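Chains as they are written, first to last, in our numbering: chain A, 1 to 139; chain B, 1 to 180.
Hint data in this document are derived by calculation from the structure and do not stem from the laboratory.
Treat the numbers as computed from the prediction; the structure is a model and nothing was measured.
Please note that the accuracy of each hint is not assured.
Cβ-Cβ distance ranges computed for the label pairs, FRET-style [to be verified]: (1) A:T67 <-> B:R25: 48 to 58 Å; (2) A:R17 <-> B:S150: 23 to 33 Å; (3) B:Q120 <-> A:A37: 34 to 44 Å; (4) B:R25 <-> A:A13: 16 to 26 Å; (5) A:D18 <-> B:R149: 24 to 34 Å; (6) B:E112 <-> A:I27: 24 to 34 Å; (7) A:I76 <-> B:G14: 49 to 59 Å; (8) B:P64 <-> A:S38: 18 to 28 Å.
Subject to a maximum C-alpha distance of 20 Å in a straight line, what follows is the list of computed DMTMM-like cross-link-like pairs (lysine to aspartate or glutamate) [said to hold, decoys possible]: (9) B:K12 <-> B:D46; (10) B:K12 <-> A:E36; (11) A:K14 <-> B:D63.
Reference excerpt, derived from the structure (chain B facing chain A, CB under 10 Å, subset only) [claimed, not checked]: (12) R32; (13) I53; (14) S61; (15) R65; (16) W115; (17) R162.
Each residue gets a CB set at the ideal place from its N, CA and C atoms; glycine is no exception.
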Amino acid sequence: MSRTKVKPMDKLAKRLRDDAARIDVNISDELDRRLEASLLAVTPEMADQRSVTPARPLMFWWASTMTGVAAAVAVIAIMNWQAPQQPAADVPLNIIAVVPEIDLKAEAAVLTNPLQEELDNLESDLKKAEEKVRRDIGL
Amino acid sequence: MTDELQLIAAAKAGSADAFCDLARRYRERLLRFLLTRCANYADAEDVLQDSLISAFRYLHSYDPRWRFSTWLYRIAIRNAAKLRGPDLVEVGELRDEENDPLLQCIADSETENLWLNARQLLNDDVFAAMWLRYAEDMSVNDISKALDRSASWTKVNLMRGRRTLESNLSDVPDQSEAYG
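Bound conformation, chain B alone (with noise of 0.2 Å):
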């Protein structure tokens, strides 16, 4: 974390190089969360790099009281939103299954992927949420940070999402002796 702070610091600054350092260690990680928002991998990709470029350009308005994985998602988050354009209709209804990116991402023998699951279940942002709190480990303020929720909003939509998993779940063959 000291050695995060450093590297923001110093892009701060106005180190390129730090900044790419920075984005070294986050752009995998958005990019899985990009391609369940997105319409196709150029999409996905696209949105990462205005993403970081954002970030960059904008680091002075960084908070340091937030994680910065925080920062950077709620970054993404908009940008892909941007590119959907205002009618804002659901991921979903953009994806055809040749050119779905997490279907692409996702191999043959694991096509019982929750996410896959999750992603027709939930709408965008519960879908989201979800996807903060299991995939990044983020607490429920800094999803409603990323989000622009309000944290009473990301709680309750945090337990539907998973209620509505788990009757999903106890609907399809239990896989739950992997995890036992």
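Just chain A, same shape as in the assembly (with noise of 0.2 Å):
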């Protein structure tokens, strides 16, 4: 008679199932009188005792919501109710009068003005040259 095998994995289901029992456990005398005498101390929740609370987290959700929708239509009231209708600072009508005229052509001739000179400069070397030419000709 052949002998059967044995799948690995049942081999060590099987040990670790003996391996559990021989774990050795008992209820001592002192603990069971304490676990008798806590479990006859309780008092059981009954299911009708949880039926009521059901339409609580409803009510809450609702209140809850509300509240909120209200906060937030009171704070976009006072939002608007308080928005500025007037300009934050007067303007001075009369800005000329306010703010100094900057003189343009000024600094224009300051800028311009050693060019100008050099252009003379070149026009008068241009007559004396032009005479001295004549001069030299006999006209």
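With the hints as a guide, dock the two chains, each given alone in a separate frame, to form the complex.
Structure (structure tokens):
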């Protein structure tokens, strides 16, 4: 008769089961009394005790939603009510009287002055050169 | 099972005696499991007591589509985690050799107990999944509910846990003859 081959997993499972059973545990008399006394002192909650509760969360949900919406409306109303209707500061009507006029021409003259002098010098040099040529040719 | 359903119905109606009868069926198994998750024996007993009290108090919320043991284990796992605190350290980090409740419950001749290795090699949740599967014979769906994990997480981690233990088993002297 051939010996039945046991799968490794089954062998492991069997050993785990057997080893668990070898863990020697017993409830002492003291623990037995303690457990019984504590259980006798417990008042179990009844199913009808919790049947009252389901309506409450829905009511709370509505109450909190309405409070939130009311608060949001109030904040928006206050923000709009306090919005400024006028400009933040008065702008002076006569700006020209307040702001000094900038002398743009003076600035341009200062900038072009050297060039003008150079041009004058060149023109006088040209005239001198013409007079010298006329004298040389006897005109 | 019918007897169990009758006890549950009576306990739901407020009978503490019926719940005590019900608790007697599971308390040793629960305590054995809690010894693997608590730092010492006293803590495991406290968690067992708290779990049974919570189960009785909130029995109205028990869904009969679940196995009663699945529901109890779920409560016990939560209570054990609560006792450990929010930092969620692994159980192994809490325990010292002298106070180790699991070692206390394993005879000296049984120190090759695979659950001792499992506790060292696997993290808490994978260990719990393995325990519920092999010590409690729970289905993958029941384990998922007890651990508050998805079925795919449970399948994957059961497979990983088995592989880890198998590879560890191949390192230690084979005891398969005892089971073959």
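Q) Looking back at the hints listed earlier, which ones does the structure fail to meet? A) Structure breaks hints 9, 11, 15.
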